[in-house]
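Student: Spelled out from the first residue to the last, the chains are:
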Amino acid sequence: MNSIGAIWVYLAASPLLWLSLTLVVYLIGRWLFQHSGGRALFNPVALAMTLLVALLLLTGTPYATYFNGAQFIHFLLGPATVALAIPLYLHWERVRRLFLPILAGLLTGSLTAMLSAMGIAGWLGGSPQTLLSLAPKSVTTPVAMGIAEKVGGLPSLTAVLVILTGVVGAVAAPALLEKLRIRDDAVKGFAIGVAAHGIGTARALQISSLAGAFAGLAIGLNALLTAVLAPVIVRWLHLGP
Amino acid sequence: MIGALAVLLLFQLVGEIVVRWSGAPVPGPVVGMVLLFLALRWRGSLPDALRATAETLLSHLSLLFIPAGVGVIQYGALLAEEWLALVVSLVLSTLITVAVTALVMKALIGHGPGAHRDE
Chain A
1 MNSIGAIWVY LAASPLLWLS LTLVVYLIGR WLFQHSGGRA LFNPVALAMT
51 LLVALLLLTG TPYATYFNGA QFIHFLLGPA TVALAIPLYL HWERVRRLFL
101 PILAGLLTGS LTAMLSAMGI AGWLGGSPQT LLSLAPKSVT TPVAMGIAEK
151 VGGLPSLTAV LVILTGVVGA VAAPALLEKL RIRDDAVKGF AIGVAAHGIG
201 TARALQISSL AGAFAGLAIG LNALLTAVLA PVIVRWLHLG P
Chain B
242 MIGALAVLLL FQLVGEIVVR WSGAPVPGPV VGMVLLFLAL RWRGSLPDAL
292 RATAETLLSH LSLLFIPAGV GVIQYGALLA EEWLALVVSL VLSTLITVAV
342 TALVMKALIG HGPGAHRDE
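Chains as they are written, first to last, in the numbering used here: chain A, 1 to 241; chain B, 242 to 360.
Chain A extracted, bound-state conformation (with noise of 0.2 Å):
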């Protein structure tokens, strides 16, 4: 009689549903990505959370549960990571003659993101709390989360504006540059990674391997980077705790 009823109490709490929704709802984005002509509102990541965010909300799922299943892919997120060397082995030689570039926009974007983005929500009244968790939003989750704990913000809420600035910057950034004149598959990869880590990266990756290979490289180089330069800063605007 409540077949139905018992059918979701097996698949709400099996890995399997879950697992399975996070795929089908990412191919759905590819598709509609590819058959957009790249439209940057397709952004699969976007639409993937936006619709699983729903999903959960309208059946009252908790996400622990959800992630009880998506954790599968989330782990593959180190391997992939690792990967990123073959990309940056293939196109070492431009990379290497472009050193004193690389060098350059890093430090000038590294500093940007952080002063750029305490110095706008300060303005729009963000708390020191919020100005001293946006301050990594650039980095990878687990250093940003690393540096915002060492600064005095919030790891947890710097984790989700690294997601969303990795968002912002995989939807935004290939227009921008298209703007911007730059040409370059180089320069847009790892002005991408700079400013979006991972989730940017990914973008850059569809663009080219060559874009991909310097987004990875300025993953690395920024969290390094930010590391150093974020408690510096916090204490030159004394806002650290």
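Everything labelled a hint here was simulated from the structure, so no lab data went into it. Positions of the beta carbon are idealized from the N, C-alpha and C atoms, including for glycine. Some hints could be false.
To be verified - Quick list of simulated restraints, FRET-style, between CB atoms:
1. B/Ala290 x A/Ser36: 31 to 37 Å
2. B/Arg284 x A/Ser208: 21 to 27 Å
3. A/Leu41 x B/Leu320: 16 to 22 Å
4. B/Ala280 x A/Val24: 32 to 38 Å
5. A/Leu124 x B/Val255: 43 to 49 Å
6. A/Gly60 x B/Ala348: 30 to 36 Å
7. A/Ala54 x B/Ile258: 38 to 44 Å
8. B/Ala265 x A/Phe72: 40 to 46 Å
9. B/Leu344 x A/Ser208: 18 to 24 Å
10. A/Ala54 x B/Ile243: 32 to 38 Å
11. A/Pro231 x B/Ser286: 37 to 43 Å
As the list claims (entries may be wrong) - If you want a taste of the chain A side facing chain B, the calculated C-beta under 7 Å gives, among others:
12. Ala70
13. Val95
14. Gly109
15. Val143
16. Ala173
17. Ala202
Add chain B to chain A, keeping to what the hints say.
Tutor: Using the frame of chain A, we list chain B on its own:
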């Protein structure tokens, strides 16, 4: 493919160990990436299976961020408090950062020794 996956996981494992041992402010997988890169340079060639597996994995990199991204759902209240400052700051700051980084690099490539294949 399984062999290549084992290589990626082993380098991640070594990366995690190095980070925990040294206390360096980078994630283990990033150290794993650097170590694998160095190993490939030392070896002087890239095995086909490793290349194929890495390219498959990387072509779906955006999929891998979805589980963490859905985590936004837990912080609705936190985001609602100061949403205007957060949204404006995230969008503008990210765009400004992309523009500054790209323009600085373009300017230096235009004048520097690597100028031959700008555009």
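Student: State for each hint whether it applies.
Tutor: Do the hints match the structure? See the list:
{"no.": "1", "hint": "B/Ala290 x A/Ser36: 31 to 37 Å", "in the structure": "34 Å, holds"}
{"no.": "2", "hint": "B/Arg284 x A/Ser208: 21 to 27 Å", "in the structure": "25 Å, holds"}
{"no.": "3", "hint": "A/Leu41 x B/Leu320: 16 to 22 Å", "in the structure": "21 Å, holds"}
{"no.": "4", "hint": "B/Ala280 x A/Val24: 32 to 38 Å", "in the structure": "37 Å, holds"}
{"no.": "5", "hint": "A/Leu124 x B/Val255: 43 to 49 Å", "in the structure": "44 Å, holds"}
{"no.": "6", "hint": "A/Gly60 x B/Ala348: 30 to 36 Å", "in the structure": "53 Å, violated"}
{"no.": "7", "hint": "A/Ala54 x B/Ile258: 38 to 44 Å", "in the structure": "40 Å, holds"}
{"no.": "8", "hint": "B/Ala265 x A/Phe72: 40 to 46 Å", "in the structure": "28 Å, violated"}
{"no.": "9", "hint": "B/Leu344 x A/Ser208: 18 to 24 Å", "in the structure": "20 Å, holds"}
{"no.": "10", "hint": "A/Ala54 x B/Ile243: 32 to 38 Å", "in the structure": "37 Å, holds"}
{"no.": "11", "hint": "A/Pro231 x B/Ser286: 37 to 43 Å", "in the structure": "42 Å, holds"}
{"no.": "12", "hint": "Ala70", "in the structure": "4 Å, holds"}
{"no.": "13", "hint": "Val95", "in the structure": "10 Å, violated"}
{"no.": "14", "hint": "Gly109", "in the structure": "3 Å, holds"}
{"no.": "15", "hint": "Val143", "in the structure": "6 Å, holds"}
{"no.": "16", "hint": "Ala173", "in the structure": "5 Å, holds"}
{"no.": "17", "hint": "Ala202", "in the structure": "4 Å, holds"}
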